[in-house]
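Participant: Listed below are the residues making up each chain.
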Amino acid sequence: MRVLEIDNLTKRFGSLAAVRDISLKVETGELRAVIGPNGAGKTTFFNLVSGLFAPSAGSIRFDSRDITRMPAHQRVGLGMARTFQITEIFPELTVFENIRIVTEVAAGYRLRPWLSRTEKADLRGRIEELLELAALTDKTDRLVGELAHGDQRATEIIMALALKPHLLLLDEPTAGMGDQETYEITQLIRRLHKDGKLTIVLIEHDMRVVFYLADRITVLDQGRLLAEGTPREIAANEAVQNAYLGQAA
Amino acid sequence: MTAGQQRHLAVLAAVWAALLLAPYWMPLFGGYTALGSRVLVLGLGAMSVNFLLGFTGVLSFGHAAWFGLGAYGCGLTLKFVGASTPLGLLAGALVGGIAGAILGALLVRRRGIYFAMVTIAFGQVFYYIAFQWSSVTGGDDGLRGFARQPLHFELFQIDLLHNDVSFYYFVLICFAAVLAVMASILRSPFGRTMTAIRENERRARFLGIPIELHIWIAFTLSCFFMAFAGALYALVNNFADPRMLHYSLSGDFVIMAVMGGMRTFWGPLLGAVIFVVLQDYLSSVTVNWMSFIGVLIVLIVLFFPRGVLGLLPQRRTA
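The listed protein sequences derive, respectively, from chains Y and F.
Using our numbering, count along the first sequence one by one with no gaps and you end on 249.
Using our numbering, count along the second sequence one by one with no gaps and you end on 567.
Be aware that a few hints might be false.
Covered by chain F, according to a simulated footprint, are these stretches of chain Y (three or more residues, beta-carbon under 8 Å) [unchecked claim]:
1) 17–23
2) 66–76
3) 80–86
4) 108–122
Which stretches of chain F does chain Y cover? Using the computed rule of at least three CB atoms under 8 Å from a CB of chain Y, they are [claimed, not checked]:
5) 428–438
6) 442–450
7) 457–464
Honestly, the hints are just simulated from the structure, not real lab data.
Idealized CB from N, CA, C, for every residue including glycine.
Start from the sequences and build out the full structure, keeping to the hints where you can.
Facilitator: Below, the structure written as structure tokens:
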């Protein structure tokens, strides 16, 4: 089954077309990397898919359902979660509090004036599970704003995960990270994909990460779809080399 | 129990003890009981503003509108509908709260300065209505001709009008009841979504929280609290006047919240104590009392940017 089916997606800002006529399909369980030079329209593409703003033309289907005009929070309700290029978390709250808010919302408690003992205990179990997954258990009571960059990233990813999505959109998860942090985040993403059976679409600049993780790669250039294929095909693609890989080397 | 929790309980006990015994210790410092009632009511108003400002991150600069509507709702009910203190309070809270709910629905898409400007505009509309509609509201002279009524119980009744101490305790009970509701909302999952919106609206949206709905609910709750405080204020003075709706009073509430510490639950009450007591004292000494309060505000904002209570280390809820 297809998780994501995008047809002729276009976004214009005034006279500038940031995304032009992009069509692509993401299969269940796939890990898709979206790459391209700066200004290729990758983040705009993500913002359209996640509902931060509406496309100028084209359609987006999620689990065979048309979500082109659906508000962002409802897409989350259907099982789509995302992270941002610049980490978006609740900096003045602790790691625990950050995760607790998400688990409560995910459990459908967001309007509840109180919780029962069993509900609280269930949530606590879920929170501990997530903290363990990202190796944050010993930092539970630290303010997220005070954590190292890599730990903030990890917090954002498990917050997205706490929503129990079946599609996870990651916008440059390793941006601004050192080698060790990049390695840890990459392993976390790989676990989510392989063990968690999550469908993941990620934007990434670090080619080691892309070629290590991706099942398929989509290359954007100047808002257009330049190429799509397996890592092997993309590495061999001449247009891609000219537009992007050649440039980097 | 951790040391932090123990200290928190000790502070809470001290606050409530001070409030419970206020009619007995205040005269020692030149205070009087009616001043205590006024501090409680204006403090409740400042806490209602802060429910939105400090905990949802939304600045309303026209909250006096709901305060004043509560006062007029209470006063008009006592004057024309029925001579019952609880009925007046209920009517006041409903009038202001429902008006807030309706107008709030028009506001929730605005943010920051735009939100603040529109709330001022709404407040001024009510101010001019109260000012002009003399036949009902008494116009600039204010609404008179009503007084708080005794509370009737099976076996006895309590005189609230002539006995300042019993009225103080009545206000204190109302104050405590609203605070209990407020605190339990802030500790609920809904309250935590308010904090989420304050901390990072975009993240909150992408956690699946419908931001506009949640801001509207928080705004409406805050309007109900505010209107209830306004209704109590009408009882404190046996009087309601258009200045209770004016944006300068809205500004006073925001000042109280900021001075006391807007990220804290109790800060706005402390801000109200400072503001109201200074106002009471200074205005008997000089007509320029506001300039002294102004200097104090500048000093507090410069040296305690998070308010007086913002100095204390915050309790972590783990």
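Participant: Each hint: holds or not?
Facilitator: Hint check results:
1. 17–23: Violated - the region 17–23 of chain Y has 0 residues with a Cβ nearer than 8 Å to chain F, which falls short of three.
2. 66–76: With 5 residues closer than 8 Å to chain F, the region 66–76 of chain Y meets the three-residue bar; holds.
3. 80–86: Coverage by chain F holds here, the residue count being 3 at a Cβ distance below 8 Å.
4. 108–122: holds (count 7)
5. 428–438: This one holds; 4 residues, not fewer than the three required, reach chain Y with a Cβ under 8 Å.
6. 442–450: holds (count 5)
7. 457–464: holds (count 5)
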